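Please take these sequences and the hints and turn them into a complete structure.
Under our numbering, the residue at position 106 of the sequence shown is numbered 168, and the numbers go up by one with no gaps.
Check the hints yourself; a few may be wrong.
What the hints assert, rightly or not - Subject to a maximum C-alpha distance of 20 Å in a straight line, what follows is the list of computed PhoX-like cross-link-like pairs (lysine-lysine):
1) 107 - 95
2) 196 - 152
3) 196 - 182
4) 182 - 148
Said to hold, decoys possible - With beta-carbon atoms standing in for the labels, derived distance ranges:
5) 316 - 418: 19 to 29 Å
6) 278 - 161: 39 to 49 Å
7) 249 - 177: 42 to 52 Å
8) 126 - 282: 38 to 48 Å
9) 79 - 225: 30 to 40 Å
10) 329 - 184: 22 to 32 Å
11) 332 - 249: 21 to 31 Å
12) 213 - 371: 46 to 56 Å
13) 207 - 92: 36 to 46 Å
14) 79 - 344: 48 to 58 Å
15) 173 - 282: 42 to 52 Å
It should be emphasised that the hints constitute simulated quantities derived from the structure, not laboratory data. Note that the structure is predicted; figures quoted are calculated from it, not measured. All C-beta atoms in this analysis are idealised placements derived from N, C-alpha and C, irrespective of residue type, glycine included.
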Amino acid sequence: MGLYRRKDSAVWWMSFTANGRQFQQSTQTTDKKIAEVILGSIKTKIVENKFFDKDDSSEIRLSEMIEKYDEQYTNEKSYYSKARDKSIFKHLQAYFGEKATLADVAERLGEYEVWRKKQKTKRGSRPDSGTIRKELRLMGRMFNVARKRWKWRVSNPINDIELPSDSAERMRYLSWEELKRLMAALNESDHAWLPPLVGTALLLGLREGNLISLQKNEVLDGTVFISSEKMKNEDYLGAPMSERARALLEYVIANDITDSPLVFHYDGGKPLYQKKIERAFKKVLTSADITNFRFHDLRHTFASILRQNGASLEAIASLLGHKDLRMTLRYAKLNLDAMKPTVNIMDEAITKNGLADYDVFMTGEDTKKTLPLATP
Numbered sequence: 063m064g065l066y067r068r069k070d071s072a073v074w075w076m077s078f079t080a081n082g083r084q085f086q087q088s089t090q091t092t093d094k095k096i097a098e099v100i101l102g103s104i105k106t107k108i109v110e111n112k113f114f115d116k117d118d119s120s121e122i123r124l125s126e127m128i129e130k131y132d133e134q135y136t137n138e139k140s141y142y143s144k145a146r147d148k149s150i151f152k153h154l155q156a157y158f159g160e161k162a163t164l165a166d167v168a169e170r171l172g173e174y175e176v177w178r179k180k181q182k183t184k185r186g187s188r189p190d191s192g193t194i195r196k197e198l199r200l201m202g203r204m205f206n207v208a209r210k211r212w213k214w215r216v217s218n219p220i221n222d223i224e225l226p227s228d229s230a231e232r233m234r235y236l237s238w239e240e241l242k243r244l245m246a247a248l249n250e251s252d253h254a255w256l257p258p259l260v261g262t263a264l265l266l267g268l269r270e271g272n273l274i275s276l277q278k279n280e281v282l283d284g285t286v287f288i289s290s291e292k293m294k295n296e297d298y299l300g301a302p303m304s305e306r307a308r309a310l311l312e313y314v315i316a317n318d319i320t321d322s323p324l325v326f327h328y329d330g331g332k333p334l335y336q337k338k339i340e341r342a343f344k345k346v347l348t349s350a351d352i353t354n355f356r357f358h359d360l361r362h363t364f365a366s367i368l369r370q371n372g373a374s375l376e377a378i379a380s381l382l383g384h385k386d387l388r389m390t391l392r393y394a395k396l397n398l399d400a401m402k403p404t405v406n407i408m409d410e411a412i413t414k415n416g417l418a419d420y421d422v423f424m425t426g427e428d429t430k431k432t433l434p435l436a437t438p
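What follows is the structure in structure tokens.
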């Protein structure tokens with residue numbers, strides 16, 4: 063703690079630390095003795111834990127909060143969640159500005175949704191209400207962390223606005239005829255990692271981000287375990303595997319001659335990324351004459367096949383790791399053994415509809431077939 067003068071001013075400034083944060087504030091006086099008295103009163107308030115009795119939103123910049131949250135929380139997340147957070151940070155800073163204080167945020171927050179809906183992506187599309195809702199929820203999360211963990215004396219402005227409603231979920235899934243064409247096109251793919259990646263997505267319904275970051279030690283004894291920090295909704299997922307899914311993953315892992323900890327990779331162990339998957343998958347879709355479909359829709363295809371073949375909504379929600387149905391699933395959530403018959407429905411449906419002979423869906427003795435795999 064101490065007093066100092068800036069080169070361009072005769073006014074005395076004071077520097078001090080409170081609750082782990084460094085403060086520089088003007089005493090608004092050129093008289094050093096008065097400045098010392100003011101600094102002394104600040105010291106007393108800090109010792110008596112009264113310094114933060116007043117909301118200090120006008121003293122803290124949004125950029126400071128984002129930087130601290132990024133370092134302590136975002137950087138500890140999975141690749142998928144980390145990328146999502148950092149993208150949201152850019153949108154927030156673009157709207158509020160680099161110099162905005164938390165008080166400025168509270169004042170202008172109500173117009174963020176209107177501004178955001180006017181923005182366009184590189185592809186020319188605009189964000190839907192569900193996307194904006196997620197951005198504002200992250201903002202609320204940062205304020206709560208600031209209040210509860212960092213002990214900043216600020217209110218959470220998210221509590222004073224009405225969040226936009228979740229957008230209607232896209233529901234595109236493949237027919238059995240489209241699936242057959244997709245499997246045939248995958249057999250001709252130039253990318254050895256793509257067929258097993260798509261097969262796993264179809265058989266387990268995992269998100270693309272979870273597949274990209276799936277590690278070999280997370281595939282254990284017929285179950286895929288995904289920790290909470292790697293889940294989109296930050297909730298732990300234990301997904302039992304059907305026999306086909308287990309055979310596929312065990313084959314991929316057993317025949318991987320690289321030292322990569324990842325199940326899926328390319329060029330001798332390099333981690334896959336969304337753009338690379340998107341380009342390769344788009345090429346296969348074109349060959350299969352499938353339109354209006356994206357990689358995430360494999361997850362919808364998984365759920366729709368289960369539902370059409372008699373699986374309960376509760377079991378499907380548990381397998382997908384949905385958090386929105388938690389209140390309902392408290393009474394209906396199944397354990398891993400009870401969910402096994404549900405995932406086996408996928409195997410039975412594949413056999414019934416003539417896809418069992420494709421390499422991706424091999425089991426038992428069929429594992430002796432040659433499935434193209436990445437080489438160093």
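In rising order, the numbers of the hints this structure does not comply with:
none
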